[in-house]
Each structure stands twice: as C-alpha cells, then as structure tokens.
Amino acid sequence: MEIKVLKNILDANDQMAMQNRKLLASKKIMMVNVWASPGAGKTTTMLRTAEALKGKARMAVIEGDVASSIDTVKLTQSGVTAIQINTDGGCHLDAGMINIALQNLPLDELDIIFIENVGNLICPGEFDLGEYKRIIISSTPEGEDKPHKYPLMFTIADACIVNKIDLMPYVNFDIDNFTRTVSGMNGKIEIFKISSINGDGVDAWADWVLKQLETYRK
Amino acid sequence: MHELEITRSLVHLALDEAKKANARKLTVVNVVLGEMSGAVDDSVAFYFELMTKDTIGEGAKIIFRKVPMQAKCRNCESTVSPKDIFWECEKCHSMDIEMTAGKELYIESIEVD
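Residue numbers (the working numbering), protein chains in the order written: chain E, 303 to 520; chain U, -16 to 96.
With the rest of the complex left out, here is chain E:
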C-alpha cells in the first residue's frame, strides 16, 4: 500500500524553527543568520557591527563552531553578549541548538541576535533556524567564483557582505563581476562592500540592519 506523505524531510527542524520565530516575535527580537566560509571575517564583522550599533540597538551573537570558544571569548572581551555552541563535528547549526541558546540569552535586554553559523557554504543553507534575515559574507581572497560554485546560499540570502575590500588590490577580485553574478542569481539581494579591519562600509551595513529591525517590529 502506498501512502502519500509530501513532507519536508527537515520537518522537525522546521517546526522548531517556527517555535524560535514565535518566541522571538513575542520579545520583538530580530534574528539574523550569518553564513560564510571559514575565515571570511564573520567574527570581525560582528565586532564592527556591534561598534556601529552601539547606542542604537542591543545585540548578541550566537557563535557556532565545530570546536573551541575562541570567537565567543573575542566578542565577550569586547563587551558583546555572546554564547557558544560547539557542534562537535557537525557542519551546521539546527533550530534545536538555537532554541537552547535562546533560553540562555537575556532576551529582555536584546533587540537583535546574530547567529554566526559554522563556516561552511553548503549545509547551513538547508536548516531554517527561525531567523528573520539571512546574510552571506564573502571575502575577496576567496575569489569571485564562490557564487558559481555554491549557488544555493547566494540565491536565498537577503544580503551579501563582500568583506576585506581593503585586500582587493592584492587578490585579483573583480567586484563588478561578483556583484553582477550575485544580483543576477538573486534579484532581491542587497550587497554591501566592507572592510571589517578598517571599518570601511560598515555604517551602510549597520544602517540596513537597523532598517530591517524597524520593518520587523512594524
């Protein structure tokens, strides 16, 4: 006997993501899922974002790494609320892990939560965590071909940060070609060019974040 199912395989994850979304909505907190390869500058971007949002929005970071709490230490030492998730070999974060992290964050004192997902351009794209926006960070030394090689995330992200623009003269990265490809794949994506080391372009990115928060709360 054949039984029609027609259910997403990650149904259990999706249901947990919905719970996260409801919890955050009740607290009016916007959650942003940040994807990138290892070394793209996610944590430095988070530090710069925290500086730019100071006095405008209260943020925390959920740090996802296979092992270690190096990034959480970096963030907390700079005064940013952060909580570490170690996946012990897992290549992505799932909605259940985020639910536990949310229970351990001071939700009444927050406006925005960034999830720094495990550095990986494939698996994290498949797991809804309950976020409101998805961001992909691509850095210039990685090369402009990343959207061609890992298209899924670029097609579903709301914004793309091109990081390390200060290194462009040394790494042969054609930013116009990159921008054209990404905008072509995803007509709705916003692209920000920043240097998380010297802070160039961070204000425009932070303004976009604040605008999203305003829209989310409406």
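Some hints here could point you the wrong way.
To be verified - With beta-carbon atoms standing in for the labels, derived distance ranges:
#, chain 1, residue 1, chain 2, residue 2, range
1, U, D37, E, N310, 25 to 35 Å
2, U, T38, E, D390, 21 to 31 Å
3, E, D468, U, N58, 27 to 37 Å
4, E, N474, U, S64, 23 to 33 Å
The hints are simulated quantities; they were obtained by calculation from the structure and are not laboratory data. The model shown is predicted, which means the values in this text are computed figures rather than measured ones. The C-beta atom is built at its ideal place from N, Cα and C for all residues, glycine as well.
Starting from the structure of chain E, add chain U where the hints point.
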C-alpha cells in the same frame, strides 16, 4: 556530514507515517531530491540502512527521484541550466537568472505492508 541529520529526520518521519497507518512493515521510501539540495543520495542511503535496523523499516528500499536544477531567465523568460553556463542565459546573455527547481528535499510517499 549533514546527511546524518537529514537521514535521521527522514527515518523518523517515514516510521511515524507508517505507524500512523498501522503498518506491519515499511517497505519503500520515495524521496524527492533536488540537485541543489546539498544532500548526497549515496550517503543518505548508507545511513538509511543503518538507522532502520531493528525497526519496522529494516530492509526497506529508499528510492530517489532526482530533480535537476532548472532556472529561468527573468529577461527573456527562456529556460536555462545555469550550472553549465555560469549563470548566464544562452539566448540573451542576461545574468538575471531565477532558480525554479532543484532545491527539493522531501518524502513523496512511503510503501507499507
């Protein structure tokens, strides 16, 4: 690596549906897998065999219906296959491309006794 979690979820879902139908045995799981879903079928099949051991799904077959990636040019509306042509429409050379199929990852049906 994430095939482990995908398969865990898949097995849970399939067994749950089989139990709801009061099945004695789960014999087949039909899965729809998009080319761009990021899951590798051989890996899912490998975990599936392991995870169904000692359940009513032991020995069940897993059948994949693969969906190739498809895309449409937003400029001239023609169908394109961006994987081979670098996200550029063959006809009008626009790079304004929308993915229309290939992200699927769901159980279409199960077969039970």
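Quick rundown of the hints versus the structure:
no.: 1; hint: U:D37 / E:N310: 25 to 35 Å; result: holds, 26 Å
no.: 2; hint: U:T38 / E:D390: 21 to 31 Å; result: holds, 26 Å
no.: 3; hint: E:D468 / U:N58: 27 to 37 Å; result: holds, 35 Å
no.: 4; hint: E:N474 / U:S64: 23 to 33 Å; result: holds, 28 Å
Violated hints are absent here; each numbered hint is respected by the structure.
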